[in-house]
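If you want the building blocks of each chain, they are given just below.
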Amino acid sequence: MVLETQNLTKQFNGKGGFKEVTLFVEKGKVFGFLGPNGAGKTTFVKTMVGFLHPTSGFAWILGKPIGTVESREKVGFLPENFRYHDWMTGKELLSFHAELYKIKNPGKKIDELLELVKLKGHENKLIKNYSKGMQQRIGIAIALLNDPEIVFLDEPTSALDPVGRIEVREIIKQLKSQCKTVFLNSHLLSEVEMVCDEVAIINHGRVIAQGKLDDLLKEHTHVEMVITDYTPELIEKISRLSKEFQFKENKLSFKVEDREKIPIIAKMVIEAGAKLYQLNTQTSSLEDLFINLIGKDEIS
Amino acid sequence: MITIIKYTFKEMLKKRAFLLASLLSLLYLSIYAFGLSRIFERPSDSIYDIIFQSEILSAGLFFANLIVAFLVVLTSVNAISGEIESGTIYSILSKPIKRYELVLGKFIGLSIMIVLYSSIMFLSVVGLNIWFGSKISFGWDNILKGLFFFDLGPIVFLALIIASSSIFSTINTGIIAIMAYGIALVGGVLEQIGTAIQQSQVSAFGLKSGESLINAGIITSLILPTDVIYRKMTAELLTQSSGISFMMTQGLFGGMSQPSIYMFIYIFFYVVFLLYYGVKRFSQRDL
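Read top to bottom, the protein sequences are chains A and B.
The first sequence maps to residues 1 to 300 in UniProt numbering.
The second sequence maps to residues 1 to 287 in UniProt numbering.
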């Protein structure tokens, strides 16, 4: 396990932050950490990287307790509100951070990263003359300097244009292909949906859903059926197998938690002697899932 | 920690505050040199002339010391707090370094720069006096001892600022630094006046008021011992075996009241404690 937390809590005078978060992130996965503004996402990442001291609970990165120097040795981090020493040039900044990582002869690595984040040719400019997008790019390069096993990216595309976002997505995919783990903190759901294997959704400091993205989305498959010649018993059976069941004028509308239930329901309809005219399925998008879960959490 | 020291030093050299302080220092030294050239124009052989020259030297060093303190505040008040407030700390402390390395690295990096700057100021003022023909005879050991204490004061002041910057915001650190320095300065003057009263008054009332002023000076020296170090510097520089040393250390800029060895033991622990406390509080802080 690359990252593991057990009932990890960080609160500020009993308020804010996050509560009793238990997470497991495996090697080589892209893990999306989602939540509305103020849900506790950044607080969680800051706690993992050692800026905040947990109130209670435990957490390990690569088997090392968080907050220790050892836990940060193979960690890359791009902060949300990235700011760098603007009196340095891009190259000086990367050399400074390479020295902090105690990397010997970082020249080649720096050149590779400048190429990767498309800043080649801008390396001798002062950081203060960089645009916000360029600063975010150099931040990504810094996060990858030490060839990390896990990279925490806190809103990595917040300052980037659409092309830049695609490039960052490609970098994340590249990291995944190298069996690196990426912990992506983002509220850009489409972005998360495109690159993440697993997600956790946090609201008011509590994780309200987590798991493989496909599984979470499958849990919310919407089905529409048009049938005739049915019996009340058949309708009763279908309603028991589904959620949010609605039935009106031969038209059934419901959600299933497992897609495997769809062929079972279809078989039941045929075997009961009813006529099946139409069967449409629609998997929820991450956005639907997110809105649904957050909405339910707010109500509860 | 070496990386932090190196980049702190580099950053200081690139800061506008350093350039500004350097230009002001150059301006100050030019004005001081011009003043010395006028003062030393006339022949001076009497004992009073030598005392007057020692006052000129003391005044030169006093204002040079003020400029160095000004530079210490300008360059180090945001040493740690500035990194937190700007957010640059997140890119540094996410690396495998301990928080104490940042605090001590900043302290050492700034100390090197301040010692260099302070030494240049001290040697320039003393050098100008020798150049223009001061009758005060300086021994190398006096100059080196004087230089040591001239550099020590800003380092002690820096320890206070670094500790404060590790705990409080830049604005609060600025207030603490200026207030503490001001209190130390005023306390030092009160102690000098107290000593002068004690030396000149024979009545019980005079002795008592002098003693009260000395005590006030001692208390302020405990808050920030920069003034006491400055007086020690004056004494070390101007104390010669010529038998007139006591007269050379008189006056507002001199050092009639000398700190004891216990004060220097206190100063050692003062610096160690401030750095330890700053590091401890910074390590416990949520960033």
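Treat the hints with caution; some may be incorrect.
DSS-like, lysine-lysine: derived pairs with alpha carbons at most 27 Å apart [stated by the list, open to error]: (1) A:Lys125 to B:Lys15; (2) A:Lys118 to A:Lys128; (3) B:Lys98 to B:Lys6; (4) B:Lys6 to A:Lys102; (5) B:Lys98 to A:Lys74; (6) B:Lys280 to A:Lys109; (7) B:Lys280 to A:Lys64.
No wet-lab data here; the hints were simulated from the structure.
Consistency of the hints with the structure:
1. A:Lys125 to B:Lys15: 17 Å, holds
2. A:Lys118 to A:Lys128: This hinted pair holds, its Cα atoms lying about 18 Å apart.
3. B:Lys98 to B:Lys6: With Cα atoms ~17 Å apart, B:Lys98 and B:Lys6 stay inside 27 Å; holds.
4. B:Lys6 to A:Lys102: Given pair B:Lys6, A:Lys102 holds - Cα atoms ~14 Å apart, limit 27 Å.
5. B:Lys98 to A:Lys74: 15 Å, holds
6. B:Lys280 to A:Lys109: 35 Å, violated
7. B:Lys280 to A:Lys64: Cα-Cα ~22 Å, so holds.
In this structure, the one hint that does not hold is number 6.
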